[in-house]
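**Student:** Sequence:
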Amino acid sequence: MNIKEKIVVLRNTEDGSFLKSFKNKKDVLAYNVELTDSIQLASFLPEEAYNIQKEKIDNLAETLGCDVVVIEASYDLKFIDGEDVPELTKEQKVKSMVNGMFDEILRGSI
Numbered sequence: 029m030n031i032k033e034k035i036v037v038l039r040n041t042e043d044g045s046f047l048k049s050f051k052n053k054k055d056v057l058a059y060n061v062e063l064t065d066s067i068q069l070a071s072f073l074p075e076e077a078y079n080i081q082k083e084k085i086d087n088l089a090e091t092l093g094c095d096v097v098v099i100e101a102s103y104d105l106k107f108i109d110g111e112d113v114p115e116l117t118k119e120q121k122v123k124s125m126v127n128g129m130f131d132e133i134l135r136g137s138i
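Quick note, the sequence shown lines up with residues 29 to 138 if you use the numbering used here.
Hint data in this document are derived by calculation from the structure and do not stem from the laboratory. Be a bit skeptical, because a hint or two may be false.
Claimed, not checked - Pairwise CB distance ranges (calculated):
#1 Arg135 <-> Leu57: 30 to 40 Å
#2 Thr64 <-> Ser102: 36 to 46 Å
#3 Leu69 <-> Glu100: 16 to 26 Å
#4 Glu90 <-> Glu119: 40 to 50 Å
#5 Lys34 <-> Glu119: 21 to 31 Å
#6 Gly44 <-> Glu76: 23 to 33 Å
To be verified - Dumping the calculated EDC-like pairs for lysine to aspartate or glutamate here, alpha-carbon to alpha-carbon at most 20 Å:
#7 Lys34 <-> Glu75
#8 Lys48 <-> Glu100
#9 Lys32 <-> Asp112
#10 Lys32 <-> Glu83
#11 Lys34 <-> Asp109
#12 Lys34 <-> Glu100
#13 Lys34 <-> Glu83
#14 Lys32 <-> Glu115
#15 Lys48 <-> Asp65
Computed from a predicted structure; not experimentally measured. No residue lacks a Cβ here, since even glycine has one placed at the ideal position from N, Cα and C.
Build the full structure now, drawing on both the sequences and the hints.
**Tutor:** Here it is as structure tokens:
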């Protein structure tokens, strides 16, 4: 099974590292930024979420000295023996979604 997705990361304009995290400093108008050279450790959001809040993310990127970069990722899902993982049937997806909702209710998240 092949899964494709587009995710958005912020890439530092000076050294090409990726934004891992940022946090406001308490009681002052300043912030701490943590960068990483590992794309796997970068903070990201789905392209759809970026499009919803594009202006805010673009402003954040500019403030942090970063460019907005879209990563087009493709994943091939295989079992350990190399055989392709089949896609879930509609029934399996619904069952998984319902079980997840029950878990949320039991934990008091909903």
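**Student:** Verify the proposed pairing of lysine 32 with aspartate 112, using a straight-line Cα cut of 20 Å.
**Tutor:** 15 Å, holds
**Student:** For the pair we were handed, lysine 34 and aspartate 109, check the Cα-Cα distance against 20 Å.
**Tutor:** 28 Å, violated
**Student:** Falls inside 36 to 46 Å, the C-beta gap from threonine 64 to serine 102?
**Tutor:** 22 Å, violated
**Student:** Just to be careful, I want the Cα atoms of lysine 48 and glutamate 100 compared with a cutoff of 20 Å; is the pair within it?
**Tutor:** 19 Å, holds
**Student:** Starting from lysine 32, check that the Cα of glutamate 115 is at most 20 Å away, please.
**Tutor:** 13 Å, holds
**Student:** Given the hint that lysine 34 pairs with glutamate 75, test it: the Cα-Cα distance must not exceed 20 Å.
**Tutor:** Roughly 6 Å separates the two Cα atoms, so the pair holds.
**Student:** Need the status of pair lysine 34, glutamate 100: alpha-carbon distance at most 20 Å?
**Tutor:** 5 Å, holds
**Student:** Given the hinted pair lysine 32 and glutamate 83, is their alpha-carbon gap at most 20 Å?
**Tutor:** 25 Å, violated
**Student:** Taking the CB of arginine 135 and the CB of leucine 57, does the distance hold inside 30 to 40 Å?
**Tutor:** The hint (30 to 40 Å, Cβ to Cβ) holds, given that arginine 135 and leucine 57 are roughly 37 Å apart.
**Student:** Starting from the hint 21 to 31 Å, judge whether the C-beta atoms of lysine 34 and glutamate 119 obey it.
**Tutor:** The hint (21 to 31 Å, Cβ to Cβ) holds, given that lysine 34 and glutamate 119 are roughly 29 Å apart.
**Student:** Hint check: lysine 34 vs glutamate 83, CA-CA at most 20 Å. Holds or violated?
**Tutor:** Between lysine 34 and glutamate 83 the Cα gap is close to 18 Å, so the pair holds against 20 Å.
**Student:** Is the gap between the beta carbons of glycine 44 and glutamate 76 within 23 to 33 Å?
**Tutor:** Taking Cβ atoms as reference, glycine 44 and glutamate 76 lie about 26 Å apart, which means the hint holds.
In summary, the numbered hints that this structure violates are 2, 10, 11.
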